[in-house]
Each structure stands twice: as C-alpha cells, then as structure tokens.
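These protein sequence lines are chains D and C, in that order.
Position in the first sequence (from 1) plus 835 gives the number in the numbering used here.
Position in the second sequence (from 1) plus 516 gives the number in the numbering used here.
Simulated from the structure, these hints should not be mistaken for lab results.
Ideal Cβ placement from N, Cα and C applies to all residues, glycine included.
Misleading hints may appear alongside valid ones.
[To be verified] Derived contacts from chain C toward chain D, CB cut-off under 7 Å, selection only: (1) 520; (2) 605; (3) 644; (4) 646; (5) 651; (6) 663.
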Amino acid sequence: MVYLRSEEHLERWLADGGWEPGATITAAQMNELARVWWWTRLDPGWRVRTVDESQSILDALGLTDPFWALT
Amino acid sequence: MDAFDLDIRRHVYFSVVANGRPPTTTETAAAFDRPGADIAAAYRRLHDAHALVLFPDSTDIWMANPFCFALTPHRVEAAGRTWTGSCAWDALGIPGALHADGRIQSECACCNERVVLRVQDGVLVDGDDLLVHILVPARRWWDDIGFT
Numbered sequence: 836m837v838y839l840r841s842e843e844h845l846e847r848w849l850a851d852g853g854w855e856p857g858a859t860i861t862a863a864q865m866n867e868l869a870r871v872w873w874w875t876r877l878d879p880g881w882r883v884r885t886v887d888e889s890q891s892i893l894d895a896l897g898l899t900d901p902f903w904a905l906t
Numbered sequence: 517m518d519a520f521d522l523d524i525r526r527h528v529y530f531s532v533v534a535n536g537r538p539p540t541t542t543e544t545a546a547a548f549d550r551p552g553a554d555i556a557a558a559y560r561r562l563h564d565a566h567a568l569v570l571f572p573d574s575t576d577i578w579m580a581n582p583f584c585f586a587l588t589p590h591r592v593e594a595a596g597r598t599w600t601g602s603c604a605w606d607a608l609g610i611p612g613a614l615h616a617d618g619r620i621q622s623e624c625a626c627c628n629e630r631v632v633l634r635v636q637d638g639v640l641v642d643g644d645d646l647l648v649h650i651l652v653p654a655r656r657w658w659d660d661i662g663f664t
C-alpha cells in the first residue's frame, strides 16, 4: 500500500511495475480508515476482531467494492 | 487465542510503546518467568492468528501492526518518538493507535519524491491531496503480508 502524488504518477507506477490496478483511495480516506481500524489496537482489553466486524468498518467507509471483500 | 497469548501480546504492544521496539523472546520470558520456548511458541501462535508478524524463520517480531521493525519508506513522528509504518495504511494507523497527532514522511512510489502527511486531531491536514493505492484485494492481504 503506497502513496502516490497524482493519478499521472499512479498510472506511470502501475505501467512501470507491470501491476494490475487494485484500488485507489485518497490519503484522507485512508486516514479515516486507519484511524478506525487501529484505534483499539493498544487497548488492554483488545481481542481479535471477527471478519464481520472488520468488514463492517470497511462498509461504513463506503469501501463496498468486491476488492474490499475480506472473504 | 487464550488468555496467556493475549497477555503476551499485551506485553509486546506495551513494550513497543514504552521502548520503541518489540521485546525479544528472552526479554518476554524474563518478564513472565517462563521458559523461552513457551514464549517462542506464543509468538508463533500470535503470528498464525495475525496478531503479530514474525520475520521468516525467526521469532523476532517484524510487525506489531501498525508498527513495523524493518526499514520502510514510512517514518512517523507521534507521541514523542519516531516510528516506522509497514505501508501507507499502517503509517497513518500509528497516530490512530497512539491516539496522537502525527507527521508522516514517506515517498511517492512512482518518483520517490518526499511526501509529508500530517494528522491533527484525527484529521489529515497535510497530504490530503495524495493518493493511496492498494494492489492486493482484501481477501488476499494475509497471503503475503510483507508484499501487501
């Protein structure tokens, strides 16, 4: 998961690496996702999230494309 | 994941926050007054449960996500320390996990030019014009977490 300066840089990076495109979101969207995803990571009562719980986090942020399906 | 493994995991994360690095199995064995083999086995179970990531063929901790203990382009200043994120997601996750503001210095994957992001009160106030690309579909993230 990498940062890119623009769509032009994204296209060039994909072409140079021969990568199949995956999913692109803005850094602001990623910040929202990261904040929710990792918020409880240091809680003393932390437990493993279920797949459904993790999927709900993605869904709540509008990441509902099949690319974001955890199973 | 049983109570012992959760205790070990909690110790690992608290050690990371306190010391900026994860404890070795020897250090954790001393903290729990248990044989090193018990701690190594717990580390491996936590790895298998995706609660930690060990370096290949090792019981040294590679990632206690979002914190990473190998060189990457993602440097994060938060809570008075400089951390390393495994990837673009984890780098932004470090201020989130620490419930702190943060400044991320990284690079554009295409041109390697420096990019800076700043999180303040949970909001990305610098770097919000950047893009994040995820190559691997979510269902395959753990197939090769180092690549993901």
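Here is what the structure says about each hint:
1. 520: Hint violated; residue 520(C) Cβ to chain D Cβ min 14 Å, cut 7 Å.
2. 605: Holds: closest Cβ of chain D sits about 5 Å from residue 605(C), inside 7 Å.
3. 644: Hint on residue 644(C): holds, closest Cβ of chain D at ~4 Å, below 7 Å.
4. 646: holds, 4 Å
5. 651: Check passed: Cβ of residue 651(C) comes within 4 Å of chain D, closer than 7 Å.
6. 663: Violated, because the Cβ-Cβ distance from residue 663(C) to chain D comes to roughly 10 Å (cut-off 7 Å).
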